[in-house]
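Chemist: Residue strings, one per chain:
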Amino acid sequence: MGVLTVNDLATDVSYALVEPVVSTTFSAGVVAGIRTVTPASMVGIYRGASLIAGAPGDATQEVIVVLSVTASTFTALFMNAHLINDPLYGATFPSGQLDSSLYTQAEILGYLYDSQNDFLLQVRPIYATAPLAITAGVAVYPAPVDAIRVERASIVNEAVPSAVELWNTTQTDLDLENAGWPRDQGPTSWYQDQLSTQAIGFGPPPNVGNTVTLMYSQKAATWLNLLSTFLVPDPMLVAIKYRTLALCFSKDGECRDPQRAQFCQALYDMLVKICQKFMCGIDARMKAAEETVEPLAAQRF
Amino acid sequence: MATPPSGTFGSGPYGGGYFGSDGPILSTVEQAVQNRLEETADDIGIFWKVAPELRPIIVEALNVACLITGDPQFQATTTPFTIPASTSFAPIALPPDALALLRVDSMGTTIDKTYVQDLDNFSPGWEVATGDVPQYFFPFGLGQFGIYPNLTAPASVILSYVQCPVMVPRPYAGTEPILFQMEYLDGFADWASGIARLKEGGQEFQQAIPVLNRALAKFEELSNFAYRRGSLRFSRGLGATANIVETRVR
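Protein sequences, first through last, are from chains U and Y. The first sequence: position 33 = 33 (this note's numbering), numbered continuously. The second sequence: position 240 = 1240 (this note's numbering), numbered continuously.
This is chain Y alone, in the form it adopts within the complex:
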């Protein structure tokens, strides 16, 4: 069990797990996973090594939850993002911790979202259009976006995005913060303990499948948080169709 530089010793269902000064950390879930695997709660592990094996599986649980729910979402209010000046379109890279761009705000005004296809339809020649103020942003897959018009001078904007849950290289120290609400922790422990049993094979592995399904049900339920924050962003649950915007055919 990694000891964080500062924090408190938790109580309740995750009693015994360390909490960082700003909330749960990987070690918070680590002990719950070890308990569910009937492993000694130490920093090494017996059948499952803690640092190189269990912690990556816990991070895997965070990533799966991120993809299902769209959490954690982050608005970089304290560090404005600078859009460079340009005379023609070039994709702009998002910050390294950003998975998908949700929103762009200029200082005091919003910048509407559009698409390349719409720019082609309504603003031919958009690739070389220039101006002083960004009017639209458009997605260019994950990790990149574009701005219309191209700016004659750099401009600062505020980005809101889905954040990669963990963006530090391995090996994980156990002190990496968990950026999700506390309600997620139970699902993380379920997913990680279920996946860890994959290497056992046979009956042990089969008996882990209901545990994984329980984790999926938890993430599905928690996707309601994302729904509440943006009703058009995610469908209500995993069972609903994702056809949330009209089909457009050129």
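With the rest of the complex left out, here is chain U:
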């Protein structure tokens, strides 16, 4: 849900860290394969850097990895052909490369990934549904890998048609209600207590195979590259930027800056509150607002 890419946010972070950004063009066309090209500028390009070749929206746009460089050329594997003057850009964090880098691209992508999931955990703005096949006699299953929290489970049968909601409960409650529930025929409910991480159980255990429809709040489960988009909607990505900057400014090394790290973390915390408040105010969660948000009056820098 959005048009901003990982590279867009990494570029914002680059400018805040006063890191050069690659923004150049092809001086000549290039065909697919391992090719040596001469860009209009070599600023920010080093061995191992990932760059974006091609214009946004072009079918041939791709992420390339620089294999070697000279003062005016670099070599990379191109999966697609590119025309003269096609853009070549990317946030490469070149300062100190290769032996004493301040930041690496993989590090920044990791910060963005972690920050997005921290934000999704705190705000839970996105929901998804997924089918889960259950088999007779098996009570416990892995939850979807992109699920933060399962919100609802039901068994839908379009052929009948029928739809039965399973009650959200705990194994302890099931024990208190009926100590023999593991031998009963089910399921009538689901639980997540006293299980391994990211698992869901059904009680009583299913007596026949079936498909359960899960509704859950969603997190990002796939690694990011420069052309990835975010699960978080564009207007909320501002929060991801400041948590990433807080991580950059707080790491050990030459660029550590506790004051700016504290500011960026405070700004992130405030933006999380604002987004939580937005979710409550707009009433966009699956259930009627069940959580409240602390007042924001104290949220100043």
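One should not assume that every hint holds.
[Stated by the list, open to error] Think about it this way: if two alpha-carbon atoms lie no more than 20 Å apart in a straight line, the pair counts; the simulated EDC-like pairs of lysine to aspartate or glutamate are: (1) U/Lys251 / Y/Glu1200; (2) Y/Lys1199 / U/Asp257; (3) Y/Lys1199 / U/Glu254.
Please keep in mind that the hints were generated in silico from the structure rather than gathered at the bench. All values reported here derive from a predicted model rather than from experimental measurement.
Model the placement of chain Y on the given structure of chain U, informed by the hints.
Modeler: Relative to chain U, chain Y alone:
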């Protein structure tokens, strides 16, 4: 300074900034930001590059204002939204420019808002219920919603939603329209100029903090616009609690 395809040269506090034919555009705020940073008002920039650096920060200001105030709100009266036919529940994606759904109107009638939890309580089996006319819509996070009952034939409805302030890919040309009232522009310039100084560090950065707080105060004040449009939608100001509907516990 990007020159829009049509428009007028502004006057007043934003004098020198270009206005698009339908109102302010990103460049309208751009020059105010450059002035506050003591940068030459051109299309390139010296310490702050205009297209790749300042314009995204201005868009960031628009986004922060959107999240605090719930503006801009949009009712798509000229392009009805089609709800597809279905035999069981599947989330329906909102239009790409929609951040959060506020209201759904059928042709001539309103469609009330409900929640999955309420449907579970009062209409068990709702996931496979079918009918000719949509009776309720319910939120499914941002970007998606559901309809009760599932429709036997597609139906056209009017959606009202909080709109994403800018939904074009980068690089920004400067001609992107600003969908907020003029009163917001001062806050945008404050936020963008304050955030831009983050990269200076030290005293310059510290001195930008009151500017950011001033922008926040402006957005807080302007959230009254949203309050006026829907008193249950937003609390009166940032200082108020957001506990605006009763807590429901299953």
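Chemist: Return the numbers of the hints above that this structure violates; sort them in rising order.
Modeler: Violated: none.
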